[in-house]
Every structure is written in structure tokens, then in C-alpha cells.
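Q: Now for the letters of each chain:
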Amino acid sequence: MEVTTRVLKPLALALSLVLMAGCNDSKEKKPQAATADALVIKIAHSAPLTGPQAHLGKDNENGVRLAIDELNAKGILIGDKKATIELISEDDQADPRVATTVAQKFVDEKVHAVIGHMNSGTTIPASKIYFDAGVPQISPSATNVKYTQQGFKTAFRLMANDAQQGKVLGNYAVQDMQAKKIAIIDDRTAYGQGLAAEFEQAVLAQGGVIVGHEFTSDRASDFTAILTKIKGLNADLLFYGGMDAQAAPMVKQMRTLGMAVPFMGGDGTHTAEFISLAGEAAEGVIASLPGVPLENMPGGLAFSEKFQAKYGKIQLYSPYSYDAVYVLIGAMQKAQSIDPAVYGAQLAASQHEGITANIAFDDKGDLKGGSITVYRAEKGEWKMLKTLRD
Amino acid sequence: MEILFQQIVNGLIIGSIYALIALGYTMVYGILGLINFAHGEIVMIGAMTTITLLNLLVSASLGLPAPVLVVLATTLAIPVSMLLGYGIERIAYRPLRKAPKLSPLITAIGVSIVLQNMAMIIWGKNYAPFPAILPTMPHHFFGAAITDVQIVIIFLAALIMLSLVWLIQRTRLGTAMRAVAQNPDAAKLMGVNVNSIISMTFILGSALGAVAGVMVSANYGQAHATMGFVLGLKAFSAAVLGGIGNLGGAVMGGLLLGLIESIGAGYLGDLTGGFLGSHYQDVFAFLVLILVLVLKPSGLMGERVADRP
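As you go down the protein sequences, you meet chains P and H in turn. Its first residue numbered 103, the first sequence is counted upward by one per residue in this note's numbering. Its first residue numbered 25, the second sequence is counted upward by one per residue in this note's numbering.
Simulated from the structure, these hints should not be mistaken for lab results. These numbers were taken from a predicted model, which means no experiment stands behind them. It is possible that part of the hints are untrue.
Heads up, simulated SDA-like pairs for lysine to any residue below, C-alpha to C-alpha not over 20 angstroms straight-line [what the hints assert, rightly or not]:
no.	chain 1	residue 1	chain 2	residue 2
1	P	K481	H	T160
2	P	K481	H	P153
3	P	K412	H	G148
4	P	K408	P	L173
5	P	K144	P	Q438
6	P	K415	H	A152
7	P	K415	H	W147
8	P	K415	H	P153
9	P	K415	H	G148
Put together the whole structure using the sequences plus the hints.
A: Structure representation (C-alpha cells):
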């Protein structure tokens with residue numbers, strides 16, 4: 103029909119113009135790294151920047167930005183060349199599928215290092231892509247054990263993993279809280295599932311009994327059905343493996359259902375957002391965080407002042423993502439090269455006095471000497487109960 | 025037994041909310057043959073606007089009791105949703121009245137995406153907490169715990185649905201809406217202003233959606249820019265379950281879907297011997313939907329679509 107041809111031709115013309123513009127753009131975007139005297143270090147970062155965990159992802163990104171701005175302002179030398187750091191930040195929506203696409207994009211852009219991802223569920227699939235391309239990856243927050251069990255020389259993390267965290271929580275539940283019948287809910291993500299499994303193992307080893315194990319997802323907001331089921335099981339404690347976006351409404355719904363059972367979670371629960379979302383229901387909740395309390399960290403208070411002045415309240419992992427940048431730059435400076443193939447070995451042998459802890463990696467990429475701290479929420483703040491070192 | 029009763033109560037609460045939202049979908053489909061995918065976002069914007077207004081009212085320290093503040097904030101937020109619904113109809117759907125069915129459908133999806141992102145720009149991507157001013161102490165009866173907010177949700181939803189039925193069956197506006205739903209051309213010949221009736225339908229549906237949005241955010245204590253998508257999907261499925269275009273069907277479908285979800289999540293693990301866990305809650309609900317549609321394609325109470333050329 104006439105209308106079709108009158109529409110198709112200009113449409114085809116417009117499309118081809120757009121494609122050509124697109125092509126030009128991508129050619130311009132690959133600056134060849136070195137003019138004779140300046141290096142551009144491309145550090146990539148990925149975390150959920152939209153969705154229920156956006157506040158945590160943004161927090162990670164802000165920690166990285168703070169470190170990069172500091173280093174750029176100070177001026178870094180790699181070998182005898184001046185270097186500036188460029189941040190490439192992408193949103194992985196806490197979704198493993200998006201994370202692998204983002205990982206591929208980073209690899210194609212030939213980044214020199216990756217700080218990410220935030221969740222275990224995204225970090226683990228992405229790590230394969232980084233390993234195949236030889237790009238070193240430091241995760242500031244992924245705690246699932248599998249991440250460093252894959253034998254990838256490029257995978258590192260700055261926190262103790264869930265094997266430790268689950269054990270500490272399990273022991274605390276049975277020994278310190280005297281809970282005998284324990285119910286578990288997890289959100290079926292790599293992190294939630296893994297942490298719950300480690301917790302369950304520890305509880306059983308200590309002689310406790312698991313009376314029920316229910317499931318939800320990291321997008322859900324209604325837990326009344328599974329909580330009602332658990333209410334009928336008469337548990338002494340409810341453990342949740344998952345993030346604060348679910349833990350907060352969950353604990354609120356527990357109270358409206360008339361369940362007075364104590365609630366325990368892992369590092370995903372131990373956030374400022376949890377307390378603000380859960381309000382009164384947060385009182386008495388137990389949560390753990392790998393590492394030591396901010397006040398006890400070697401550079402914690404100084405970091406806190408700097409960060410709050412620029413970005414507001416610290417959510418959770420920003421001190422770790424900040425340290426990640428410094429560890430990377432430290433390794434590059436020791437190796438006098440920004441080429442992953444060259445500085446990778448130095449990264450594995452890092453000895454860095456970070457603000458979170460003294461950072462050194464074991465042969466798997468885990469943090470050496472990591473600790474776990476257990477906290478209780480009291481009057482709107484996370485109060486430290488005890489720190490356990492491995 | 026108490027646990028089962030609690031699950032039923034839970035199901036009725038969420039079911040009432042689904043029913044309210046489903047009414048919006050079903051009214052528009054009955055009149056225009058269009059699935060208004062943007063309706064979930066109207067629910068969301070109603071919720072977010074109410075929370076913003078409520079935060080303003082609370083910080084103004086007016087000294088009024090909490091329920092009055094919530095009613096005030098909701099009453100101010102409803103016209104916003106109504107305006108939005110009217111605007112969407114005029115801008116996105118009316119020009120496509122004569123176009124093939126696919127165009128308004130895709131447009132609806134487009135409007136939904138625009139609204140979601142607009143909400144993210146205005147309110148940010150974080151979860152917005154509902155101000156904790158309402159009482160949360162549960163009342164217990166027959167072993168089930170229910171809060172004041174939840175009791176209000178169930179009764180208010182029932183009241184609204186009954187009022188809607190009265191409107192449709194006993195007023196001139198309602199008769200005009202039924203006429204347009206039955207046969208728009210014949211209605212036009214009978215002197216009904218079809219355009220204004222269609223606008224009225226959108227406005228009414230959006231008002232219901234706004235109230236439903238407030239209910240959801242008051243019940244769960246939070247709202248966020250992407251909450252409309254899943255809610256809309258489930259409410260639409262509820263409308264189809266009960267029979268699309270059929271108001272009674274929307275109500276029944278909503279309540280039924282709520283109950284199935286609640287009881288399904290509670291007993292799925294036991295029913296399947298641990299093979300399927302409670303995280304298959306949504307799968308279970310949608311499986312029931314598929315089953316009903318395979319056996320009775322027009323939905324449980326029969327669909328009501330217009331006699332349209």
C-alpha cells in the first residue's frame with residue numbers, strides 16, 4: 103500500500119542513520135590507553151543500582167568513587183608514568199543474567215580490574231567470564247563459599263565467607279541464645295541459600311533441631327503465608343538467609359501475626375535500611391557482619407567522616423569497596439604495570455593495611471584472618487555483641 | 025485449625041486488594057476491549073503520592089489522630105490518580121480507538137514503562153517506608169491475628185465493591201456505562217456521550233486503584249516505584265480468572281487468587297512431600313489460573329465483552 107512505502111522508506115533511512123551514528127560512537131569510545139606520559143586505569147564496578155537493593159549497590163559505588171577521587175586528587179604513579187583512574191559503573195540489578203551481560207561488556211571494554219559484584223548470586227557467574235579473560239576481580243561483599251572454590255586465580259574477596267558466618271551464627275543461636283527448635287527461611291538466591299545451609303549445618307552439629315525450612319524470593323514482599331506456617335511449628339528462633347529488603351517487612355509481619363520469636367539474619371540483614379524500614383519491629387534482631395565494627399576498624403572513623411560528608415549514611419559495604427580500590431592500586435604500583443597479566447601475581451600476594459583490616463589473601467582468594475561480628479539491633483542502632491576470629 | 029484460619033484471613037486481606045485492582049482492569053476491558061497495562065502503575069503512583077502527602081502531614085504536626093491523617097492523605101491523592109487515568113486515556117488510548125487491537129496494547133505497555141521510570145525519577149529507586157503512625161497491635165480471634173489496618177482493608181474493600189455495584193446497577197451513569205460496554209455504537213445512537221463515559225470509567229478505575237495502592241503500602245509498610253508491575257499482573261490474572269469484563273468475576277477472582285496464594289504457600293510443601301517448596305507460591309497460583317482457563321476459557325463467572333464490529 104502507498105502508506106506502507108511512504109512510511110517504510112523514511113523509516114529505513116532513519117534507522118540506517120541511527121546505526122551509523124552508533125558505529126561512530128563506539129569507535130570513539132575506545133581511547134588507546136597510553137599517550138607517552140599518562141596511563142588511564144579503567145576500574146569497573148557493578149552492583150544493583152535499581153531495585154530493592156539499590157541503596158546497597160549505590161553505597162558500594164560511592165565507596166569506590168571516594169577512593170578513586172582521593173587517589174586521582176593525590177596523583178598516582180605506576181612505574182614512572184602518571185596514572186589516573188576512570189570508573190566504569192554498571193547496574194546488574196542483582197540478577198545473574200544481567201550480571202553476565204555486564205561482565206561481558208566489561209571484558210569487551212578491556213577494563214583493568216573489576217570491583218564487584220555485590221551479591222553472591224551475581225558475582226559467581228560473572229567470575230567465570232572475568233577468569234576466562236584474565237581480569238582480576240575483587241568482590242567487597244560476596245560471601246558465598248563457591249566464589250573462591252572454583253579455582254579462579256582472578257577471584258578475590260575482602261570479607262570472611264559464609265562457611266564462617268553460618269558457623270558463627272549457628273553456634274550463637276544454639277549456645278548463646280539457647281534455642282533448640284529453629285526455623286529457617288531463605289530467599290533461594292546463591293547467598294541466601296548458601297548461608298542458610300551453613301547455618302543449618304552448624305545448628306545440627308551443636309545439637310539443635312530444624313523444625314521447618316520455608317522459601318521466598320528476593321523480590322517478594324508478602325510473607326504472611328510462610329510465617330503463619332512457621333507460627334504453627336513453635337520454634338524458638340527464626341533465621342532468615344537473605345537481604346534487608348525482605349527481612350524488614352518479614353520481621354514486621356511477624357509482629358503483626360503475633361509471633362514473638364527472636365529473628366536472626368546474616369550480613370544482608372545488618373543494614374541501616376533494615377532498621378529504618380522495620381521500625382519498632384527491628385528491636386532485638388540479631389545479625390552478623392563479616393569484619394569488625396566500624397569503630398574498631400583501623401581506619402573506620404576517619405573513613406566514616408569522609409564518606410558521610412560526601413554521600414551521607416554508610417549503608418553496609420562501602421568501607422570494603424573503598425579498600426578494594428586501594429588494594430588494586432597497591433598491587434599495580436608494586437608490579438609497576440596496569441596490565442592484569444603482570445600485576446595479577448602481586449594482587450594475590452597483597453599485604454595492605456586497609457581501613458577495614460589488614461588485607462592478605464590465601465591461595466583461594468579468600469581474606470586471610472577474616473572475622474565475624476554478631477550484633478543486636480537496639481533502639482535504632484546495631485550494637486556489637488561479640489567478634490569471633492578464625 | 026487455627027493456622028488454616030490464619031491463612032484464610034491472610035488470603036482474604038490480599039484477595040480484597042487484588043479484587044479492587046482487578047475491578048479497574050475489568051471495567052476498562054469491558055468497555056474498550058483494552059488491557060490497561062498501566063493500571064498497576066496508577067496503583068503505585070496512588071501509593072507513593074499518599075506516602076509523600078502523609079509525610080508532609082505528619083511533619084506539619086496538626087495534632088490530628090493517625091487514621092484521620094491517612095484518610096486525608098488518601099483523599100488528596102485520589103484526584104491525582106484520577107487525573108493520571110484521564111490523561112492516559114486522552115493522550116495514549118483515545119487516538120488509537122480505531123486502530124487494530126495490537127496498537128493500544130503496546131501503547132499500554134509503553135505507558136506502564138514511562139510511569140515506572142517517572143516514579144523512579146520523582147521518588148527515587150529506594151523503598152519508601154509508610155509512616156509508622158497506625159496501630160500495629162494484632163487482635164486475636166479464633167486463633168488468627170489481624171491488625172486494625174487489615175480489618176479496615178477488608179471492610180473498606182467490600183464497601184467500595186458494593187458501592188460500585190450500586191453505581192453500575194442503579195444510577196444513570198451506571199446504565200450508560202453498561203450500554204457502552206454492551207454496544208458503543210447503539211449507545212451513541214441512544215444519546216450517550218461515549219467519550220465521556222469512557223473517560224469516566226478510567227477515572228473511576230484509577231480512584232479504586234489509588235485506594236488499593238494505599239491499602240497495599242499501609243499493609244506492607246512500604247512502597248516503591250516497581251511495585252505496580254507484579255500487583256498488576258496478579259490482579260489482571262484474577263480478573264481473567266473470574267471472567268474478564270464481569271465485575272462480580274473480578275471480585276471473586278481477586279478473593280480466590282488471594283486465598284489460593286495464601287493456602288498454597290502454606291501447604292504446598294506438605295502437599296508435595298517437600299518436593300515443591302513455598303517459593304513456588306506464584307507458580308501454584310498461576311497454574312490454577314491456567315487450569316481454570318483450559319477448562320472454562322471465559323473464566324469462572326463468564327466474560328462480558330462488548331458487541332463490537
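Q: Go through the numbered hints given earlier and state which of them the structure violates, listing their numbers in rising order.
A: none
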